Every structure is written in C-alpha cells, then in structure tokens.
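Asker: Line order of the protein sequences matches chains A and B. For the first sequence, position 237 (counting from the first letter as 1) is numbered 237 according to the UniProt record's numbering, and the numbering increases by one without interruption. For the second sequence, position 11 (counting from the first letter as 1) is numbered 11 according to the UniProt record's numbering, and the numbering increases by one without interruption.
Source of the hints: derived by calculation from the structure; they are not laboratory data. Check the hints yourself; a few may be wrong.
To be verified - Part of the chain A face toward chain B, derived, beta carbon under 8 Å: (1) 55; (2) 84; (3) 99; (4) 111; (5) 112; (6) 116; (7) 146; (8) 276; (9) 279; (10) 280; (11) 286.
Claimed, not checked - A few chain A positions that, by computed beta-carbon distances, are all more than 10 Å from chain B: (12) 38; (13) 66; (14) 122; (15) 152; (16) 281; (17) 285; (18) 300.
All values derive from a computational prediction rather than experimental measurement. We put the CB at the ideal spot given by N, CA and C, even for glycine.
Number of protein chains: 2
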Amino acid sequence: MTSFAISGVFSAAATPINADLSPDHGLLAKHCQRLLDEGCHGVALLGTTGEANSFSLGERKAMLESVIKAGVAADRLMPGTGVAAIPETIELTRHALSLGIDKVVMLPPFYYKGVSDDGLFDAYSRILEGVADDRLKVVLYHIPQVSGISLSVELVGHLIEAFPKTVVGIKESKGDLANMQALLKAYPGFAVFPGADPLMLPLLREGGAGCITATSNLIADSLRTVFDGHADAAAAAKVEAAQARINAWRNLSNSYAQIPTIKAMVGLKHGEKAWQRLRPPLVGLGESEIAALRPQLERLP
Amino acid sequence: MTSFAISGVFSAAATPINADLSPDHGLLAKHCQRLLDEGCHGVALLGTTGEANSFSLGERKAMLESVIKAGVAADRLMPGTGVAAIPETIELTRHALSLGIDKVVMLPPFYYKGVSDDGLFDAYSRILEGVADDRLKVVLYHIPQVSGISLSVELVGHLIEAFPKTVVGIKESKGDLANMQALLKAYPGFAVFPGADPLMLPLLREGGAGCITATSNLIADSLRTVFDGHADAAAAAKVEAAQARINAWRNLSNSYAQIPTIKAMVGLKHGEKAWQRLRPPLVGLGESEIAALRPQLERLP
Chain A
1 MTSFAISGVF
11 SAAATPINAD
21 LSPDHGLLAK
31 HCQRLLDEGC
41 HGVALLGTTG
51 EANSFSLGER
61 KAMLESVIKA
71 GVAADRLMPG
81 TGVAAIPETI
91 ELTRHALSLG
101 IDKVVMLPPF
111 YYKGVSDDGL
121 FDAYSRILEG
131 VADDRLKVVL
141 YHIPQVSGIS
151 LSVELVGHLI
161 EAFPKTVVGI
171 KESKGDLANM
181 QALLKAYPGF
191 AVFPGADPLM
201 LPLLREGGAG
211 CITATSNLIA
221 DSLRTVFDGH
231 ADAAAAAKVE
241 AAQARINAWR
251 NLSNSYAQIP
261 TIKAMVGLKH
271 GEKAWQRLRP
281 PLVGLGESEI
291 AALRPQLERL
301 P
Chain B
1 MTSFAISGVF
11 SAAATPINAD
21 LSPDHGLLAK
31 HCQRLLDEGC
41 HGVALLGTTG
51 EANSFSLGER
61 KAMLESVIKA
71 GVAADRLMPG
81 TGVAAIPETI
91 ELTRHALSLG
101 IDKVVMLPPF
111 YYKGVSDDGL
121 FDAYSRILEG
131 VADDRLKVVL
141 YHIPQVSGIS
151 LSVELVGHLI
161 EAFPKTVVGI
171 KESKGDLANM
181 QALLKAYPGF
191 AVFPGADPLM
201 LPLLREGGAG
211 CITATSNLIA
221 DSLRTVFDGH
231 ADAAAAAKVE
241 AAQARINAWR
251 NLSNSYAQIP
261 TIKAMVGLKH
271 GEKAWQRLRP
281 PLVGLGESEI
291 AALRPQLERL
301 P
C-alpha cells in the first residue's frame, strides 16, 4: 500500500447548536471523542457538514479550543480553515497550529467565481507563505457544487510541486470518480479522500487514502471496517457488507436536505436535541420530517 | 417621481492596492472624494468591484475608518457588510453605524447554495435583529452569478413587510430587467438600483431609484447627467448621449475580465499604479493587456 502523509477515516463532523444558535461546545467535544472511539482516525470538524462558514472566526477558534480542552488529542483533529479572504485563512490556520493541530482541510477563496488557475495558485501560495510553518499539512478542498470553485488536476500538480511537504492531499467532494482517478494517476503518494461515502471502497481499491465523509457521524465503525479490510481478500465479504451498510445510511441521509438530515439522524440515534438546529441560511428538519425519519432510521442495517 | 429612502448615483468603487497587497488607504480616500466631486451621490465601497470579500474584517473596518478620517462624509458612504457568517455581518454593520454610516449594501450568506427562501429570510432577520439599530437602512444585494444566491421577489416582499423601515432597496446585479420591473411593480417606493450601467436609464424611466455600478469609477459625471435629466424632456438628447457614453466605457471594461479592467482603466486615466493590482484569487491585467487597453481608452467618448 502506498504511504501517505495523511490517511484513514476522517469524519466530516456536524456541529451541535444551542437554542440561541451558538455552538454547543460540550456536546461537540463529546461527539468528537465518540467518533474517535467508534473508529475514526481523525475528525475533520468545521467543514461543509460542520457549517463552518456560518460561524465567525472567533466562534471557530473557540470550538477548536474547547474540543482540545475537553481532552481530544490535537493530532486527531483536521479542521477546515479556508475562508473567502486570504488573511483570515492564514489566521485560522495559524490558530490551529498554535493548538498543536498540524493537519487542515483548506477551501480556496470562494466568493468570486470563474477565477483562473493562476489566481487560485497565487491565493494558495500566499496563504501557505503567510502561514510559514513547516509542520503544516494541507488537504485541498474540492467541492465546486458548494464553493463554486473548481480545482483542476493541473492546479493541484502546480501546488504539489511548489509545496511538496505541505500540499499532501485533497478532499474530493465533487463526487467525480474519474477526477479522483486522474489525481491518483498523476500524483502518486498524494492522498485523495472522497467526500462521498459510496466512493470510499472503490477508491481505496485504486489507491485512495481513506475518506472524509459525513456518514461517519452515524456509523464510523463500518467505515473503519472498510478501511482496515479493503486489501484483505479474506475480509472481502465483511468489507462489502460494511460498505453496503454505509450506502444505506447515506441514502437515507440524502432523502431530505443532507446536512439537516445527517444532524437529525445523529440526534435521533443519541437522543440529543441540539442536532436538530442549524445556523441560517440552512434550516433544520421540521417535526413531521423527523417523525417520518425515525422509523426509517430504525430499519437501517 | 416616487420618493425613496435612498436614491441617486452610487459608485461601486474599486479598491487600490499596495505592492504588499494591503489596501492603499490614502488613494482609496482620494478616489472616494473624487467620485463625489465628479457627481456621485454616494460611494458604495467594499462591494464586489471593491473586492470586499477578499479583505479581512479588520482590513474592511480600517478602510472605512481611514476614508472617514480623510474627510469623506459618513452619510455619503454605503459600504457592503454582508459576509458568509451572520455574526460577522452583524459586526461589520454595527461597525459602520458606529462611524455614522447608516446605509449598507448587504449580501445574503453566500457559502451554501440552493438554500430556501425561509433560510434566507431567517438569516436576514437574525442579522437585522442582531444589529438592532433603527438608523440602519439596508440595500439587499442580488448578484447570483457571483454569490450563487437568488433573492426571489417573494423573499424581498417578506423582508420589506417584516422590516419596512430598514429594508429599503435592492442592488439588482443579475442584469435581469424583467426582475427589476417585477420588484418595482410589487413594491412601490422600494428602491431598485441596477448594478449594470446600461440599465440605468431604462429603469429610471420605469421608476428605478438610480444605480450602483462600476463605470462610475471612470465617468461619474455622465451617470449624474442621466440621473438628473432622465425625466426632463428638454434634456433628452443630452441624457441619451450620456447613457451612450456610459455604455461605450462599460463595453470596453467588459472586453477583459471586468474588475481588473475597470481598475486598469482608472489607473490609466489618473496615472496611478495601485489600480493594476488585485487581491488573489483575482488577477490584474498584464502589461501587454494594459498596453492594448490604453489606445482604446483614449478613443472613448
């Protein structure tokens, strides 16, 4: 198996929210520890599923600090730090490093659309030169259906070439297997993480590095089973069954708007109310939708 | 003519940038004063043309403070304050109010796409309730080709109904005349500002409130001529000629990427180098493009 700077099962963790719409620090830390106990190698909190860009810089920093203060090891965290303005991406990344976190998932600046590869290269370069810390390992974040920004295979190559010790992976949430295969072929040793659960096993078999996905909020144990057993012929039946279970949970989470549904499912599973709330502009499921979800959840494998 | 809470010619001001990519405070203040001297009723700085979302909150606040300290009247400024996270939009809006600025242009939260009208209503409501200052007048900002967020006619109506003294206008940068007409028809007295120069005169004739556009960085006098004379039959020829001049300048600014080209044209017109620079991910025109632009600029009416 290829050796990657970062590999494994990372949970795109959701964020529990208090009645006043502030993040619920205590429950977030509890959830992060639970994800690790259930088998995740790490927690990619403060991503798209985590509603990161709906929180202020101060709120984001406070969340990281409180999770670490609650006892979650910094080296198990891989937060999102990419925002629209370069100085703030630098600020969030340096803050994470100051807490002992050395891995981040980094969106490109996402306000302007149709920007050039040169402009994106320049943006990432200025961020990494601004952070100026050789501990840092960056997972680029490709989610054009939300960010509106495409990271081309060529751009990724230019960044790897310019920052070989830092730009070590990509979270590929476009859901385009061909694009992931092109990245794997072009840049051996570069860690490609699918952002969609059904692609975890197919990509692991072609040299993927693991996954950074949302269904791990619910059934991390099955994702770990797939990761640990994917190259072991004797485990094939168990691995296929785990991937099938993952897909079933993911299909239900996609039957309503994905982020509110994932959160509602976590809330139902653990009896925790704070998962029903979302920061606007996202909207939580209504009581009737949650009532309809409950029996479907109970029938899942 | 209808009476609006806000009306007139507002410049979507560009931002001059130093060699280290920091904003050039002195030249920004000089430019704002120049725009007012040339005929603008106000300066809508820190919008899309102003690269606002490429600057940190701290940089944005410092720009406003320095423009006012340089002597530009606060009541002539209408900055953008809408960012992705509600608490930061509240923070920027309260900061503007603290400087005596009572008019802002406000983007909706723009990270998530495909969000519902309910989610956007909730977001704007929480922002306005969080600002909690009855001096505030908000111009909503509709620029779906950049923000990725559509503000429907129905949503605008719900916001006007809920915040009648505050939600007083919209900057309609989608460039869709039919949408502007629908807004004018549905909400008499609500100030509709086209974000595209060629639509200024057509919309003024149907009850528009003025414009918030980029060509005013170059020829504000002509925009003022159109605004002042649009209802005066005796001025028709002068007004048509001014609108034709505006359109010619705008066509040239759109011949390359618009924001870099507007900035390059301002730089050529005034012999100021700082306009050639942009914050990544935007990229300034190259020397050869600027060389090609110069004779075209000199031939404009």
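Asker: Does each hint fit the structure? Answer for all of them.
Answerer: A quick look at each hint next to the structure:
1. 55: holds, 6 Å
2. 84: holds, 4 Å
3. 99: Where the cut-off is 8 Å and the nearest Cβ of chain B is about 20 Å from residue 99/A, the hint is violated.
4. 111: With Cβ-Cβ at 4 Å, under 8 Å, it holds.
5. 112: holds, 6 Å
6. 116: holds, 6 Å
7. 146: This interface hint holds because 6 Å falls under the 8 Å limit.
8. 276: violated, 15 Å
9. 279: holds, 7 Å
10. 280: Holds: closest Cβ of chain B sits about 4 Å from residue 280/A, inside 8 Å.
11. 286: violated, 10 Å
12. 38: holds, 27 Å
13. 66: Label holds. Min Cβ-Cβ 17 Å, cutoff 10 Å.
14. 122: Since the minimum Cβ distance to chain B is about 4 Å, residue 122/A lies within 10 Å and the statement is violated.
15. 152: Holds: least Cβ distance 13 Å, greater than 10 Å.
16. 281: violated, 4 Å
17. 285: At roughly 12 Å from the nearest Cβ of chain B, residue 285/A sits farther out than 10 Å, so the non-interface label holds.
18. 300: Correct as stated: the minimum Cβ-Cβ distance to chain B is 26 Å, above 10 Å.
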